[in-house]
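First to last, the sequence lines map onto chains A, B, C, D, E and F. All you need for this note's numbering is the position in the first sequence, starting with 1, plus 2. All you need for this note's numbering is the position in the second sequence, starting with 1, plus 2. All you need for this note's numbering is the position in the third sequence, starting with 1, plus 2. All you need for this note's numbering is the position in the fourth sequence, starting with 1, plus 2. All you need for this note's numbering is the position in the fifth sequence, starting with 1, plus 2. All you need for this note's numbering is the position in the sixth sequence, starting with 1, plus 2.
Read the hints as simulated data drawn from the structure, not as lab findings. Hints are supplied without guarantee of correctness; some may be wrong.
No copy is singled out in the list; a pair is fine if it fits within one copy or between any two copies.
Listed next, the in silico BS3-like pairs over lysine-lysine satisfying Cα-Cα at most 30 Å (straight line) [as the list claims (entries may be wrong)]:
| # | residue 1 | residue 2 |
| --- | --- | --- |
| 1 | 25 | 109 |
| 2 | 83 | 57 |
| 3 | 85 | 159 |
| 4 | 83 | 4 |
| 5 | 159 | 109 |
The primary structure of each chain is shown beneath.
There are 6 protein chains.
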Amino acid sequence: MKRSFERQNNQLRPVTMTRHFIKHPEGSVLVEFGDTRVICTASVEESVPSFLRGKGAGWVTAEYAMLPRATHTRSPREAAKGKQSGRTLEIQRLIGRSLRAVTDMAKLGERTIYIDCDVIQADGGTRTASITGAWVALADAVQTLLRQGRIAENPLKEAVAAVSVGIVGGEALLDLDYTEDSGAEVDMNFVMTSSGRFVEIQGTAEAEPFTIEQMDAMRSLAMEGISRLFAIQQETLQP
Amino acid sequence: MKRSFERQNNQLRPVTMTRHFIKHPEGSVLVEFGDTRVICTASVEESVPSFLRGKGAGWVTAEYAMLPRATHTRSPREAAKGKQSGRTLEIQRLIGRSLRAVTDMAKLGERTIYIDCDVIQADGGTRTASITGAWVALADAVQTLLRQGRIAENPLKEAVAAVSVGIVGGEALLDLDYTEDSGAEVDMNFVMTSSGRFVEIQGTAEAEPFTIEQMDAMRSLAMEGISRLFAIQQETLQP
Amino acid sequence: MKRSFERQNNQLRPVTMTRHFIKHPEGSVLVEFGDTRVICTASVEESVPSFLRGKGAGWVTAEYAMLPRATHTRSPREAAKGKQSGRTLEIQRLIGRSLRAVTDMAKLGERTIYIDCDVIQADGGTRTASITGAWVALADAVQTLLRQGRIAENPLKEAVAAVSVGIVGGEALLDLDYTEDSGAEVDMNFVMTSSGRFVEIQGTAEAEPFTIEQMDAMRSLAMEGISRLFAIQQETLQP
Amino acid sequence: MKRSFERQNNQLRPVTMTRHFIKHPEGSVLVEFGDTRVICTASVEESVPSFLRGKGAGWVTAEYAMLPRATHTRSPREAAKGKQSGRTLEIQRLIGRSLRAVTDMAKLGERTIYIDCDVIQADGGTRTASITGAWVALADAVQTLLRQGRIAENPLKEAVAAVSVGIVGGEALLDLDYTEDSGAEVDMNFVMTSSGRFVEIQGTAEAEPFTIEQMDAMRSLAMEGISRLFAIQQETLQP
Amino acid sequence: MKRSFERQNNQLRPVTMTRHFIKHPEGSVLVEFGDTRVICTASVEESVPSFLRGKGAGWVTAEYAMLPRATHTRSPREAAKGKQSGRTLEIQRLIGRSLRAVTDMAKLGERTIYIDCDVIQADGGTRTASITGAWVALADAVQTLLRQGRIAENPLKEAVAAVSVGIVGGEALLDLDYTEDSGAEVDMNFVMTSSGRFVEIQGTAEAEPFTIEQMDAMRSLAMEGISRLFAIQQETLQP
Amino acid sequence: MKRSFERQNNQLRPVTMTRHFIKHPEGSVLVEFGDTRVICTASVEESVPSFLRGKGAGWVTAEYAMLPRATHTRSPREAAKGKQSGRTLEIQRLIGRSLRAVTDMAKLGERTIYIDCDVIQADGGTRTASITGAWVALADAVQTLLRQGRIAENPLKEAVAAVSVGIVGGEALLDLDYTEDSGAEVDMNFVMTSSGRFVEIQGTAEAEPFTIEQMDAMRSLAMEGISRLFAIQQETLQP
């Protein structure tokens, strides 16, 4: 099977990030991993959830959604159904945890940054694109706060990015698109920091349990792909 | 007060429509009225709501939403709150009625076209931009059905488009942006067909009841603006 | 087609209003437009929604519902379904806006008047009967507040009333009953103040777009009908 | 303490029933127990819940609600809150069971009769007034079915009626109004059939547990009051 | 028909109560009435519902649920359906009222005791087992509060217990199991205090209305059974 | 810090499984990992979700909940709140996927096995205890189906079990209890099959990103612990 964009097994799809894509938010990015396109915004509010009130620390939280026709066939709109699916909740919790892992909440002060990741077109890897783009939107929001003198020091300790890997037809592949993901035996998502450490790992045997060797092969691919994502984030943030 | 884009009272903001903005749907358009930007998609499904089953007729229905940070301050996500607001329901019902008014349901056959209007950036006039863009997405979906031989005749009887007008500081203005809309004494939305007839009229005195003369002045502005929108729709649909 | 109550095209159905229909509320009216019967109550509470707190201004808001068997066939109860329909939300927002348009919120002081319009029997025009009756209930509640010395001046700037008009079989008719409404090509609702100005206009082409001449014909009928409603409101409020 | 309507301890409030109060339903009654006023309607539908499908038997079910301002202070509307309270569910289950107890479901055939009890004014005893009035609405709906030849035999085996009793200030009282009910030590509701048997008994010690002698005293009062209600039901049903 | 556990008509099933069944709560009991098994816990929180705030009085409230497969066939989980059934709400309101009837709220002070009754295995009589076991859990929680010096006096005025009775095949039976309950003509639940007085009575004619003689027979059985339950509660609470 | 049950870093807490704990389900187990206690039931239904209908294949799905006072402080009941939390949905999706990974759906035939995991007492590791116990309940349900001749071959391909590991105070620990879990820098859950392969891996840096060496150390501990769990499952299933 030929991979999309004529990629090797260890290659990412073309990745682009368009800053300031939406004009109102403190930070906003359109992130594209091949045909997967996600609008990530970072919105600052001068309040914190009740469990943090009066403690001097801030909060970062995330919400995720897909437009109904981001996918091949239309999915019912969650707002119309009246609840978010388990998959949605799982993904937005993952995005939130990933960003909090690199944020110094004391430096952020008593304010909340809401990350919204809205997938306008889906082709596999929406959660990893969301995390990778959301960090750039968060970085821009933090710059806004610094520029406005609302915070004194940058609360971002390092960068965070994410990528999917999988076993498809017995081979380990980096950054699965939708077709690969649908046929994968195993699907893993890695979230790492720019210091080369792990924040989140989620692996699922979709069709067949996997061996320790397969796990190590996927991990190597992921580490390689994520370093490329850190470079793209840095280029994007160049003035 | 100077109008945005240095407009006269009877001028529209710059209007652009980008076809095929999202790759999966049968029709999709990014419509922009100045800084208001809406993704409109048209999705075809081979079934109809139960009240139409077995009658040989089709259906067109619409859903509307705004990304949480489409606006100046972030609004809670409707999917997270677990229900759509009255405003959302009102707008999506309006979009659906407007498009059904120009569709011959017998020619569409027993299938449903779902229109999704998702506002990614809001600056006033989101419902009128949605209707105007949605008609183009619908026209593209209909072309897809014709090309695939799934329908024999074009079910679209004519075009439909919409614009807002209002009384601001005592003057009648065409196509209000957010600042104008917030300060308007009166806000009206007109939906018309390309044969020069009316499909929907909604007028609200936000601050002060209005006279019959003011209503007529707004109506004239709206008729003028909508003819310009029909021209833009036709240009957009040129191959 | 003969009209109900042997009416001419420009005649209202018999309209009656029974004050003090329910004993607990500060104001209550049973309003009847022919066979359409609505219980309107006005309830005063000494608090305001949070967005108004501490501003010295009051609020008027409305809720609307139909008993399940107000209609020809039974409709599921909204409380049992767990949500209000889009139609219900749309109507109650309209009632609220109409009444607020004639109320001076500063004179009302920091209190809320809740209007409840519950349709016990429906035969077309439930929203226009609701607005017309609700204003009388509101006027009675205001009298209660004045009599009790809780407010110093009457916050009602003028009266408000509403009527439906439509195009049925090509002819413009005033105050449609259910049979006329079901078969109407066009359905419009006008809300006006006793100074002859407009508060709300909602027109919908149910079957066929309408011309500017038809719109003007409907508007004339509505203005004529609404003046008759103002007279009935005044008679009702005679001691 | 003087009782309302200058009643003795063993007297009902004035009870009236107005048949055909609402024009659309197959049966409808406005029932009044003093100042408690309830609209009861009976609606016939030609289908049964899924657990009964194909068994040849019918079903009777009930729903109950109060208008928001039926009470001294306004209660939030259940449709707006998005759920029915435990009290509402409890009462409507009681009404349904009471009516089913006197209905021969085989004679009713595969159809459902929906009973709607909507309290427009509350002054104690809304559930017992509902049951008593609902049986008359049900009887009228059954007459409609017989007259239309949709059923061959009357499925009503006997009449059913209900009354509240209580211990107030140490004394057993029949048919408590709101003031008595609020101050009652014990509150009991009895539902009986016209053959003098019991269908439902619900007794609650609001303030103080009660003795077997008190229970017997309340039961005697209830039996006396309910026989009077059966007489009123029969008078109401006279042609 | 032979009764389970070879019982006479006036005999309870074997009743056991295991204290301290769950380690975290201030009081917890596994109560078993034959094969009906319920975990009852009592949790103390240092706050009261808003309607009681600042009045110096406490509150006792209860929640009830069944594990999905506590019954012969699996019932959908209420948390997954998104609402509690009418039956659940009715039972938990009954449990709460029963326990409040024997609690001196002033002595409890401004705190709430939450009772949770979770049925892990159901074989009839789950609500009566819940009340009987919950009182023991409540007594243990009260002991905890006394021992910790958080309250000065025992707020429990007396014990409360409950049992079901019914008419099955024309005979009055005590403490129905599931098979008996399913076939019962009449089902009654009695809640009494250890001083021999009644707190709650709920009787329902499932299949056939019942006579005053049958009611008295059931009441006698219930009184007899409940005295046995008080003895078991006391034995259980022996140190 | 001393570990509970005087354990070494690579030791499990005492694990016990009590089969046939609940009498109605086709399979049921009380699983205990130290003080964490979960009731796991397996319920067979002769139908499949709509997406599988007519394909000859079966389905295994899971639901998870905690009793409100399974934890140190009482958590609001999800059924009362009207929705399951993101955490709950995440865990029950994990349990379902883990069991499906070892089940041959064709051999199961068109039926669904519902797994219910209800935590009655929580002390860390509720999801891993649930998976480990649920497999035994599933195995018992499968035996029931085989014994009744409803299936011809055992659809369970191998066993599945799960354990948590973490980094606490810089050290890798097996099978964290609540105290350890609350203070952990990293928390990972491994789900493996008895053939030594991986089904699910979920790792989260709660406080500090982790290195590849730490990940490998945790993985080794998990593999060691899980083999012990497979032995306990087999002992449990001895007749």
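Handout entry: Violating hint indices (sorted, rising)
Key = 3, 4
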